[in-house]
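Q: Take a look at the letters that make up each chain.
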Amino acid sequence: MVPVGLIVAIIIQKGLPAINWQFLIDMPRQGMRAGGIFPAIIGTIYLVTGAIIFALPIGLLTAIYLSEYSKDNLLTRLIKLAIVNLAGVPSVVYGLFGLALFVVFFKFGTSILSGSLTLGIMIIPVIITTSREALESVPQSFREVSLSLGASKWQTIRHIVLPNAIPGILTGTILGLGRAAGETAPILFTVAAFYLPQLPSSIFDQAMALPYHLYVISTQVPNVDEKIRYGTAFVLLALVLFMNLVAIIIRYKFRKKKKW
Amino acid sequence: MVIKFNIENLNIWFGSIHALKQVSVGVQANEILSIIGPSNSGKTTFLRMLNRLNDLSQNFKMNGSVKLEQEDIRNIDTELLRKKVGMVFALPLPLPLSIFDNVAYGVRMHDRKNKKILGEIVEASLKEAYLWEEVKDRLNESAFKLSGGQQQRLCIARTLAIEPEVILFDEPCSGLDPISTAKVEDAMVKLKQKYTIVLVTNNVKQAARVGDRTAFFLNGELIELDKTDKMFTAPLDKRTDGYIRGKFG
Numbered sequence: 001m002v003p004v005g006l007i008v009a010i011i012i013q014k015g016l017p018a019i020n021w022q023f024l025i026d027m028p029r030q031g032m033r034a035g036g037i038f039p040a041i042i043g044t045i046y047l048v049t050g051a052i053i054f055a056l057p058i059g060l061l062t063a064i065y066l067s068e069y070s071k072d073n074l075l076t077r078l079i080k081l082a083i084v085n086l087a088g089v090p091s092v093v094y095g096l097f098g099l100a101l102f103v104v105f106f107k108f109g110t111s112i113l114s115g116s117l118t119l120g121i122m123i124i125p126v127i128i129t130t131s132r133e134a135l136e137s138v139p140q141s142f143r144e145v146s147l148s149l150g151a152s153k154w155q156t157i158r159h160i161v162l163p164n165a166i167p168g169i170l171t172g173t174i175l176g177l178g179r180a181a182g183e184t185a186p187i188l189f190t191v192a193a194f195y196l197p198q199l200p201s202s203i204f205d206q207a208m209a210l211p212y213h214l215y216v217i218s219t220q221v222p223n224v225d226e227k228i229r230y231g232t233a234f235v236l237l238a239l240v241l242f243m244n245l246v247a248i249i250i251r252y253k254f255r256k257k258k259k260w
Numbered sequence: 001m002v003i004k005f006n007i008e009n010l011n012i013w014f015g016s017i018h019a020l021k022q023v024s025v026g027v028q029a030n031e032i033l034s035i036i037g038p039s040n041s042g043k044t045t046f047l048r049m050l051n052r053l054n055d056l057s058q059n060f061k062m063n064g065s066v067k068l069e070q071e072d073i074r075n076i077d078t079e080l081l082r083k084k085v086g087m088v089f090a091l092p093l094p095l096p097l098s099i100f101d102n103v104a105y106g107v108r109m110h111d112r113k114n115k116k117i118l119g120e121i122v123e124a125s126l127k128e129a130y131l132w133e134e135v136k137d138r139l140n141e142s143a144f145k146l147s148g149g150q151q152q153r154l155c156i157a158r159t160l161a162i163e164p165e166v167i168l169f170d171e172p173c174s175g176l177d178p179i180s181t182a183k184v185e186d187a188m189v190k191l192k193q194k195y196t197i198v199l200v201t202n203n204v205k206q207a208a209r210v211g212d213r214t215a216f217f218l219n220g221e222l223i224e225l226d227k228t229d230k231m232f233t234a235p236l237d238k239r240t241d242g243y244i245r246g247k248f249g
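Chains as they are written, first to last, in our numbering: chain P, 1 to 260; chain B, 1 to 249.
It should be emphasised that the hints constitute simulated quantities derived from the structure, not laboratory data.
Yeah, the Cβ is synthetic: ideal placement off N, Cα and C, and Gly gets one too.
The reader is advised that the hints may include incorrect statements.
As the list claims (entries may be wrong) - Straight-line alpha carbon distances no greater than 30 Å define the calculated BS3-like cross-link-like pairs of lysine-lysine that follow: (1) B:Lys238 - B:Lys194; (2) P:Lys153 - P:Lys14; (3) P:Lys256 - B:Lys145; (4) B:Lys227 - P:Lys153; (5) B:Lys84 - P:Lys71.
Claimed, not checked - Partial list, computed: chain P residues near chain B (C-beta under 7 Å): (6) Ala151; (7) Ser152; (8) Gln155; (9) Pro200; (10) Ser201.
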């Protein structure tokens, strides 16, 4: 608790003074030693959005298949185990995988598309695991009642299981988003631009992103004002904390509303 | 006498457990057939066979035949079968929806009806389950706000709304107080004019009160099946006698 609090306190203390409207919506200037971080914020938003468009449908459908349709046999158990293990793979491995598959093999180049897909693949296991838990926490008796009234399996999932699992699925998705927003390694080889003081115009463009920008101005560019570095860290931290906070609020509201 | 369900030489296994052994029963139209027996005697398994809910269990195996009006139920589309054979569960299990939506749920799943017709079906079903007067002003409230007895009558209304031919009751009063139980039993007796009812109950007295015929199950076997009056006055098998008198079970 103490180290976490200390880190947050230092970043807030040194970063907050740098935050103003100009810092948030201005292009970086003078080799990132002045100006704002607008393209990095936009880049991160694009990447996270792209990742979720790709990962949520696949993750959710996989979770529905695993929890509602698959039979409990050796293969299914192996798949479930593999998914849990995938969630623990170091992010740099995902980065190299994305480089090999999307950038080189599919020839998407270093682009928002490659970066989003890489981040998407990284958070799919998180989404599958949390969605599966949410689906399985819907009591079996609801399914039996629905089926006994002559509803089909898909109707039961669509009208009874999913509506009651959505808060849990949402929580997992947002946690996945938070992770995607904060990771550096997966975007390092697949999308991130060192210095690109303009906004991307298509998904095949490179983009700046907050975590990588922070790494660059902290270690790669000499004589960057401390205020800018801590300000960037503060924005990134606030973004991730905000997403986690939303997830916690959703979960809390749902627990209070839960009727069975 | 019209035979609704004809069950012949039914055997059911769950994995290595032989849950029902060579059971043959004919269920007559518009009767209340009560099924009594100690726990683990296969009563509920028998009941869940009739609308194929057993199929949901892993390792479920069966042989023998179960026919609904001369047609093997395995040849009937499951959704159609369950529309014809409704079920009320042991515990009141409202879906996490409003009172109205609970009753309308099954109807909506089968075909789209306009609001007016749907409203009429819901009202008629709630009246038939003797719940309408108590809930008519709060149809949009959550079904979880009702008392246990009201919830169970809501579940009956929900089953009636899909206009089944047979209704299966699985210990419908096990969680209810005597007054709610009496209300549910009243509903059942009136319902048998339109529907065929199979009632599984742990309560021997309930079987005596509402059943036209009674079947006694023990360890997966059908021991005796006879008119309720006869069963409760002069049972043929001494195990039936013992159970009815409360000597075991």
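Q: Each hint needs a verdict: does it hold in this structure or not?
A: Here is what the structure says about each hint:
no.	hint	result
1	B:Lys238 - B:Lys194	35 Å, violated
2	P:Lys153 - P:Lys14	56 Å, violated
3	P:Lys256 - B:Lys145	15 Å, holds
4	B:Lys227 - P:Lys153	39 Å, violated
5	B:Lys84 - P:Lys71	28 Å, holds
6	Ala151	4 Å, holds
7	Ser152	6 Å, holds
8	Gln155	5 Å, holds
9	Pro200	44 Å, violated
10	Ser201	46 Å, violated
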